[in-house]
Amino acid sequence: MERSFEKYFRQNRLPHMWCPGCGNGIVTKAVIMAIEKAGFSQDNTVIVSGIGCSSRASGYMDFDTLHTAHGRAIPFATGVKMANPDLNVIVLTGDGDCTAIGGNHFIHGCRRNVDLTVVLFNNNIYGMTGGQASPMTPTGKKATTAPYGAIDRPFDACKLAEAAGATYVARSTAFHVQHLADMIKGGLDSHGFSFIEAMCQCPTAFGRNNKMADPAKMMMALRDGVMMKAAWDKLPAEKQAERFPIGVLCQKEYIDYAKAYDTVIEKAGGRA
Amino acid sequence: MAEFTIKTARCKGCGICVAFCPKQVLEVDELGKVQVVNREACIVCGQCELRCPDYAIFVDKGGATA
Ligand SMILES: Cc1ncc(C[n+]2csc(CCOP(=O)(O)OP(=O)(O)O)c2C)c(N)n1
Ligand code: SF4
Ligand code: SF4
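Note that the protein sequences, when read in sequence, are chains A and B. For the first sequence, the working numbering assigns the number 1 to the initial residue and increments by one for each residue that follows. For the second sequence, the working numbering assigns the number 1001 to the initial residue and increments by one for each residue that follows.
Below, computed lysine to any residue pairings styled on SDA-like, alpha-carbon distance capped at 20 Å: (1) A:K239 - A:D224; (2) A:K7 - B:F1058; (3) B:K1007 - A:F5; (4) B:K1033 - A:D214; (5) B:K1061 - A:F5; (6) A:K37 - B:L1050; (7) A:K217 - B:E1049; (8) A:K217 - B:Q1024; (9) B:K1007 - A:R13; (10) A:K217 - B:G1032; (11) B:K1007 - A:M17; (12) A:K217 - B:E1027; (13) A:K37 - B:E1049; (14) B:K1023 - A:M220; (15) A:K217 - B:G1046; (16) B:K1007 - A:E2; (17) A:K7 - B:R1010; (18) B:K1007 - A:C19; (19) A:K217 - B:P1022; (20) B:K1061 - A:S4; (21) B:K1061 - A:R3; (22) B:K1007 - A:R10; (23) A:K217 - B:V1018; (24) B:K1007 - A:F9; (25) B:K1061 - A:M1; (26) A:K217 - B:L1050; (27) A:K217 - B:K1023; (28) B:K1007 - A:R3; (29) A:K217 - B:G1015; (30) A:K7 - B:E1049; (31) B:K1033 - A:A213; (32) A:K7 - B:T1008; (33) A:K217 - B:A1019; (34) B:K1061 - A:E2; (35) B:K1033 - A:L14; (36) A:K211 - B:A1019.
Pulled from the structure, derived: some chain B residues nowhere near chain A, Cβ distances all over 12 Å: (37) M1001; (38) K1023; (39) E1030; (40) V1036.
FYI, nobody ran anything at the bench for these hints, they're computed from the structure. We put the beta carbon where it would ideally sit given N, CA and C, even for glycine.
Throw the hints in and build the complete structure from the sequences for me.
Here's what the structure looks like:
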């Protein structure tokens, strides 16, 4: 039986270009599941992505899509949202795209609380360009630019988003497909800057460099490397450091950027 | 009995469905494509479909005639 989500894919673009076992396909499906559950139409939803393997996702999705410049998906999406606040605007980005070259756009998008849903495909590496370390490569893990293991501390993008002012922050993984879709749906339902980190496997650029090229084993490692937030909260600090909490990490109310800008429009004499 | 729909052109033989199937129903063949080798054992848990990164495998409960 044909699945209902198939209509949200550009059928003539599948199979996608990702490597065998790449987690990007799973995260993309979770985004589509969330959109379907939220009841968004293909005509009022815009998908914006940057550059990277993960950012290729927009090309497979049958919505109005924008494949933009490296690190710049959030500014493009901000423009779309401000021009027409009635649209649902979703950003798909990678750990390099969002936290390296796009790091400033990311924190300022959070600070302004632009009503976007940003899904970060975190595979801990620059996949597309062959495995350079990203700001989210864990300390000690190998990359082509860190052949002896990274000495840098990684960003916790969820904490970064929360500290910068995002009003919905959640994390899940490519192993927890349905939970991931629920976390994304929570972002779609929230007004303001919603950020969801989707931890996922890159067997080619990350796995092969780190003695874990088997994608199924990488998914099992994702499963074992996290814990539901309610249980994680009860762990002693030294145990907390061994796993990432998943679930909704932050949720608060604050006026979104388009609504705030309405006050400027009002003061300046109203809409033409 | 379980009914499989396999979109062979999409399958990349990554083995994720094989590894997560609790009943050893699936295998990747020498051409790198998924094969149903033990359909009788399938409990239609949907793990393969849920985890396939390529939307290549779908499993449904068969009707009364299956
Ligand atoms: C301005 C600019 N600088 C550098 C590049 C090269 N480049 C392409 S993708 C990429 C990194 C992508 O990494 P990430 O965002 O983690 O995505 P992934 O490929 O891992 O999904 C880089 C540095 C570029 N395309 N444009
Ligand atoms: S290089 Fe990594 S991120 Fe890119 S398609 Fe291959 S597995 Fe996926
Ligand atoms: S998980 Fe999907 S792509 Fe991978 S072997 Fe199974 S059917 Fe093929």
